[in-house]
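Q: For reference, the chains in residue letters:
Number of protein chains: 2
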Amino acid sequence: MESSSSVSVSDESSEANGGGCCSSSTTPSMDAVNLSRTFSDVSSFSEEHGGSGSSVDHSGPFEPPMKPRADVLDRRSTDDELELVKERFSKLLLGEDMSGGGKGVCTAVAISNAITNLYATVFGSCHKLEPLPAGKKTMWRREMDCLLSVCDYIVEFYPSSQTLPDGTKVEVMATRPRSDIYINLPALEKLDAMLIEILESFQKAEFWYADAGTRSFGSATSSSTMSSSSFRRSTHRNEDRWWLPVPCVPDGGISGKARKELQQKRDCATQIHKAAVAINTGVLGDMEVPDSFMAILPKSGKASVGDGVYRAMLGAEKFSPEYLLDCLDMSSEHEALAMADRVEAAMYVWRRKAGASHGRSRWGAVKELVADDEEQDKNVMLAGRAESLLLCLKHRFPGLSQTTLDTSKIQFNKDIGQAILESYSRVLESLAFNIVSWIDDVLFADKTVRKQ
Amino acid sequence: MESSSSVSVSDESSEANGGGCCSSSTTPSMDAVNLSRTFSDVSSFSEEHGGSGSSVDHSGPFEPPMKPRADVLDRRSTDDELELVKERFSKLLLGEDMSGGGKGVCTAVAISNAITNLYATVFGSCHKLEPLPAGKKTMWRREMDCLLSVCDYIVEFYPSSQTLPDGTKVEVMATRPRSDIYINLPALEKLDAMLIEILESFQKAEFWYADAGTRSFGSATSSSTMSSSSFRRSTHRNEDRWWLPVPCVPDGGISGKARKELQQKRDCATQIHKAAVAINTGVLGDMEVPDSFMAILPKSGKASVGDGVYRAMLGAEKFSPEYLLDCLDMSSEHEALAMADRVEAAMYVWRRKAGASHGRSRWGAVKELVADDEEQDKNVMLAGRAESLLLCLKHRFPGLSQTTLDTSKIQFNKDIGQAILESYSRVLESLAFNIVSWIDDVLFADKTVRKQ
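Sequence lines, in order, name chains A and B.
Sequential numbering of the first sequence, starting at 1, is according to this note's numbering.
Sequential numbering of the second sequence, starting at 1, is according to this note's numbering.
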């Protein structure tokens, strides 16, 4: 992953998702929820704005017989814990329609939004390699436990046998946790714990941060030796993100040991990022393609990808997606995402023409059974090439936002298990991505200082 | 309310609803849920069968990392309390589809079923005027608190004004509890507490019960003086309900004071019953008429009510629903319910013909604005007469089961507030009805003994 790529990712997402999160909204639209792969780290994601962290505001002359608004972080006793759990679950049950009319979102979307918003509330204002404040750590652990506990009651049936007292064996249907949850949820919880541990490990570090905005308002803090010395040593890797704190290192750079440890943590976070991406991609792949997505597909795949790309995909005897991407020379994540959307739409157009319906499995069957019909053959080939082009694109831009199809799948998903796995893996992916990026910032500062 | 009427009510409902309750079902059908006004008091409603009281059964060779099945009544510590709340809410979120696929019922129906099933679990095996066992009382209070807590977060907006620091007044939208919940929920909680209190007051009574089945299997208990003496003094009011315990009184009957107190409690329970019926009727009236009900209405109201009733409704200058009901001479609740269904369907046919859409308010408007058109006039008149006939019918049979329309409204209702108010008032209505009936049994036994 290139450093320059990470920078532009954050820029893209902060531009696209500046709207902030609000779980108390009564509109079932997804507009307010950040679905990009990498969260913007604009500081507007503070707990004051996070819907998950705030109670219903009963201001006004009418005094209702309801729970008073309380600071979530102060709720420590078990009774309060119970109230908190009831509040969280009640709001999920209301599906974000606080009028109780049941016209909000379905449970799957409500839980997905709740996890997204909780992440924004807890991690939205974190921009440094340092331990998470105790209150936020507790909040994250406690509220995630609450949201994940729903998975404990999701089961699947399987045929089993039971031995009766007289020794007869009978076939019975028994239940067990659903396999996708059984496999992925413990893995995600492990990744979660590892990321928190990486942040914890920066309790004592050889680098530190100058406050955001120091450069712009240097004169205001010039009397402070610390600030001005920090300023002198600060790097310029994030010059276009002036609101972020600037990592500072000692004059001679950090010690070799610290540098080595930092590199190890970077490798670890990169692996965690890959694992989270893999789970997220898998869950999204399993989700049903919404009818609404199929309904608005263009009539031809050629129109979707454009003449040039279409010719490149159709012409060559041996198709090289890498070469095609090199030729396209996309410089921004924005262009890459637009291309991904077009290629994905074209892929579904060609699959449909080849006779497959929505499902991934059906498509597999079609590929096997396809007739010798030349036109059919062409559609199968084009769909296959579109798929490999899309994979290449996603590989080249690891922090790419969700495509239109992914967003649409999340929005129309009804499966509660998939909603939890998708949103949990998405926010962990984002956190891992940020940690890698923060480590890169420190390594860059170190390199810069040592060069001087 | 006549004693004979109560008896036949229970018979009807036990016949019609013998299926029992099961909240863990994955089918979204309402078949398994008892929606009759008066619950059957067949003993199959024990906690072993009640879905609300049982955990997911993870039997089988595969050992999932999930909570073990535990006796609900033993969960006393706060941590267990927390787990219980999480379990209850998780199951509500899954909407009775334990596969997590979100293909179960909507939240409103899930909560309505949960309250119905909790009532069946706690009160289904109660057939005596005696305090509720401590465990059941705790369970009822705790689980109802959990289910009702959702109401704490249902709000409505209202325009309010706020004074800014500089003294300016600005219009703002504030929130308050939804008015129907604000008015009805505290009332229902009061009725609930009063009913439990009535049962509590029978800690020491001058009457007692012979075990169910004593009469049928008298020989088996003939060695016990208590049983045989009870048997001698038992009444025969419930001869056709042999499974119910038989109230027994001392040889000379109960004391005048006890008789007076019993009568007072009967009056109190009757008032509670009326209040619960009023709330239930009000909430059902406010619920939207499902499209599916309108879609299957017969084409003509005449065909629905039958020629005879139609002529009676159309002919008379001054229509007397009481006289018509007398002529119809319905002897069973079953016939009465069938007639109520036919009259209700006809009412909606005539309303539709008169130009009203589903809503109650729209119908009000139509009645006001109706043209001089004679045909229109006739439909408005017929709809009005059907409404008064239906009211009369319900008044004459106070324990009548829900009509097809009521059941359909509950089944398709999406409003969570209405779901809670409807189901809570329905189960309290049932409990009040049973208490009145049990008091009548004792008074009947007393009267019989004193006559001898």
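There's no promise every hint is true.
Any copy, or any two copies together, can satisfy a pair, since identical chains are not distinguished.
Quick list of in silico lysine to any residue cross-link-like pairs, SDA-like style, CA-CA up to 25 angstroms [as the list claims (entries may be wrong)]:
| hint | residue 1 | residue 2 |
| --- | --- | --- |
| 1 | LYS137 | GLY101 |
| 2 | LYS136 | ASP377 |
| 3 | LYS169 | THR78 |
| 4 | LYS169 | ALA193 |
| 5 | LYS103 | ASP291 |
| 6 | LYS318 | PRO131 |
| 7 | LYS451 | PRO159 |
| 8 | LYS103 | GLY285 |
| 9 | LYS190 | LEU244 |
| 10 | LYS103 | SER408 |
| 11 | LYS169 | PRO290 |
Please keep in mind that the hints were generated in silico from the structure rather than gathered at the bench.
This structure is a prediction, so every number in the text was calculated from the model and none was measured.
Q: Which of the listed hints are not met by the structure?
A: Numbers 1, 2, 3, 4, 6, 7, 9 and 11 - these are the hints that the structure violates, sorted from lowest upward.
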